[in-house]
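Undergrad: These protein sequence lines map, in sequence, to chains A and B.
The opening residue of the first sequence carries number -15 in my numbering; numbering runs sequentially from there.
The opening residue of the second sequence carries number -9 in my numbering; numbering runs sequentially from there.
These are computed hints drawn from the structure, not numbers from a lab.
One or more of the hints may lead you astray.
To be verified - Partial list, computed: chain B residues near chain A (C-beta under 10 Å):
#1 Tyr73
#2 Thr127
#3 Glu333
To be verified - Computed beta-carbon distance windows for the label pairs:
#4 A/Gly14 with B/Glu111: 25 to 31 Å
#5 B/Gly141 with A/Thr9: 18 to 24 Å
#6 A/Asp2 with B/Pro66: 24 to 30 Å
#7 A/Glu26 with B/His195: 33 to 39 Å
#8 A/Asp47 with B/Gly91: 46 to 52 Å
#9 A/Asp2 with B/Pro273: 17 to 23 Å
#10 A/Ser(-5) with B/Ala222: 47 to 53 Å
#11 A/Ser(-5) with B/Lys306: 47 to 53 Å
On a predicted model such as this, the values are computed, not experimentally measured, just so you know.
From the three backbone atoms N, C-alpha and C, an ideal C-beta is built for every residue, glycine too.
If you want the building blocks of each chain, they are given just below.
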Amino acid sequence: MCLAVPGKILSVRDVDGDAAGPIATVDFQGSRVEASLAMTPEARAGDWVLVHAGFALTILDEDEARETFTSLRLALGDEPDGPAGLPPAPRGGAEPSEPSTH
Amino acid sequence: MPPRDARSLADEIASTLAGRRVTLMEVCGTHTVNLFRTGARSLLPPELRLISGPGCPVCVTGQGYVDLACELAAWPDVTVATYGDMIRVPGRTGSLEKQRGRGGDVTVVYSARDALRLARERPEHQVVFLAVGFETTTPATAATILEAEAGGVDNFFVLPGHKLVIPAMEALLAGGEVPIDGFLCPGHVSVIIGSAAYRPVAEKHGRPCVVAGFELAGMLEAVLMLVRQVVAGEARVENAYDLAVAEAGNAVARQLVDRVFRPAPAVWRAMGTLPASGLELKPAYRRYDARVHFGVAEGPDASPPGCRCGEVIQGKLDPPECGLFGVACTPLQPVGPCMVSSEGSCAAWYKYGRPGGGRGESR
Ligand code: SF4
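Put together the whole structure using the sequences plus the hints.
TA: Have a look at this one:
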């Protein structure tokens, strides 16, 4: 459940309604996911962040983030039962992925 | 530090140990899985024993919590929103998935904010978010409660089940039943709490603590740092994941948590109630607690007959030593939560640890 994945912020909108912080659109190798910047309010478009369950936990150094991205992806694999912390699957969109273990 | 080749790291671990038997606990379930998946375990010498710890949130959640979630899902007009890995955990009368099959309203969400969105979309429903997880996950729950408050959303509730990692580590050491020479500390919990948070474990209990990332070389690097300390008789905190983890962690995230929650006793599966090891809502936010709103309480913790998850999460038992492992209990027909969760120790051993699938022998 403590999985978190690095992605790059494409854009930031300021506090969205009642949210506890700005909301960013984050790119994870092609799939775009919304993430709250409530814990990293200083993050800007272009920054790499580590995202868990829809929230950016911390800002990452770009070069290191790039380097670890591939190995992290490999390490995280594609769990069938949709662990928390991972953006909802390559299908993209904001729909949660349902468990598919039948 | 420059990335090192896994083989040379493994060789250095072996030469540093020089035959000495050392037991390290990986606290985090994601480490348990990745130590298998990346092949790290198969590179390590036999005298190094790795045991799983209480770091799989789904596994340490008591059965009473699961039962209460199932009970709420059966209430009319209640929607239970949960992270995906909770849905198949067996309770006394079945899992949330079974409850959904019986007509209960259970929805899987990726984020606490998605649960809040559900509440906004369904004003006639009462949405209960299952707030489980460690320090990595807790700030998201706190921020979402603050968002519900700011938006005046009055049909959003949480079932607090968050837990704190360090009290569990200290409880294991105080119990004294498990020989632990050092801790491989969870990477993403540490992003929030900071590497400095392990100092009491290192200093008071004399056990080295090294924060580790999740890829092969990073995990081996951390193991090497631990082994060096154990052999030298040292007990310090080191950080092998400085890419993401700062000594002081993320103070903004911790402030979010402190606004909404305060430490409280918590029930850990088969470990009983550990003092100050969980979080309860502060009085100003208690109206978001589903237990308060619905006037319900958690029943006792229990384990399915024959399931030894409680010992597994305390590092007392390797999964294959459970009589049900791989026979009555498999990922398709899980008996206990350690086989359900993708980061449960039993699931990891089943998938990667059997003969032919890496180092499978239990020692
Ligand atoms: S193998 Fe199954 S029954 Fe045995 S401890 Fe693990 S989850 Fe429980």
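Undergrad: Lying within 18 to 24 Å: is that true of the beta-carbon distance B/Gly141 to A/Thr9?
TA: holds, 21 Å
Undergrad: Close enough to count: is the Cβ of B/Glu333 nearer than 10 Å to one in chain A?
TA: Interface hint status for B/Glu333: holds (7 Å vs cutoff 10 Å).
Undergrad: Would the hint on B/Tyr73 be counted as holding, given a Cβ-Cβ threshold of 10 Å to chain A?
TA: At about 3 Å, which falls below the 10 Å cut-off, the nearest Cβ of chain A leaves the hint on B/Tyr73 intact, so it holds.
Undergrad: Starting from the hint 17 to 23 Å, judge whether the C-beta atoms of A/Asp2 and B/Pro273 obey it.
TA: holds, 22 Å
Undergrad: Verify the CB-CB distance for A/Ser(-5) and B/Ala222 against the hinted window 47 to 53 Å.
TA: holds, 50 Å
Undergrad: At the C-beta level, are A/Gly14 and B/Glu111 separated by a distance inside 25 to 31 Å?
TA: holds, 28 Å
Undergrad: Does B/Thr127 pass the interface check with chain A, least Cβ-Cβ distance below 10 Å?
TA: holds, 6 Å
Undergrad: Is it true that A/Asp47 and B/Gly91 lie within 46 to 52 Å of each other by Cβ?
TA: Holds - the Cβ-Cβ distance for A/Asp47 and B/Gly91, about 49 Å, lies within 46 to 52 Å.
Undergrad: A range of 24 to 30 Å was offered for this pair. Does it hold for the Cβ distance of A/Asp2 and B/Pro66?
TA: Between A/Asp2 and B/Pro66, where Cβ atoms are some 28 Å apart, the hint holds.
Undergrad: State, for the Cβ atoms of A/Glu26 and B/His195, whether the hinted interval 33 to 39 Å holds or is violated.
TA: Roughly 36 Å apart at Cβ, these two residues keep to the hinted range, so it holds.
Undergrad: Between the beta carbons of A/Ser(-5) and B/Lys306, is the distance compatible with 47 to 53 Å?
TA: Taking Cβ atoms as reference, A/Ser(-5) and B/Lys306 lie about 49 Å apart, which means the hint holds.
This entry satisfies every hint, going by the numbered hints stated previously.
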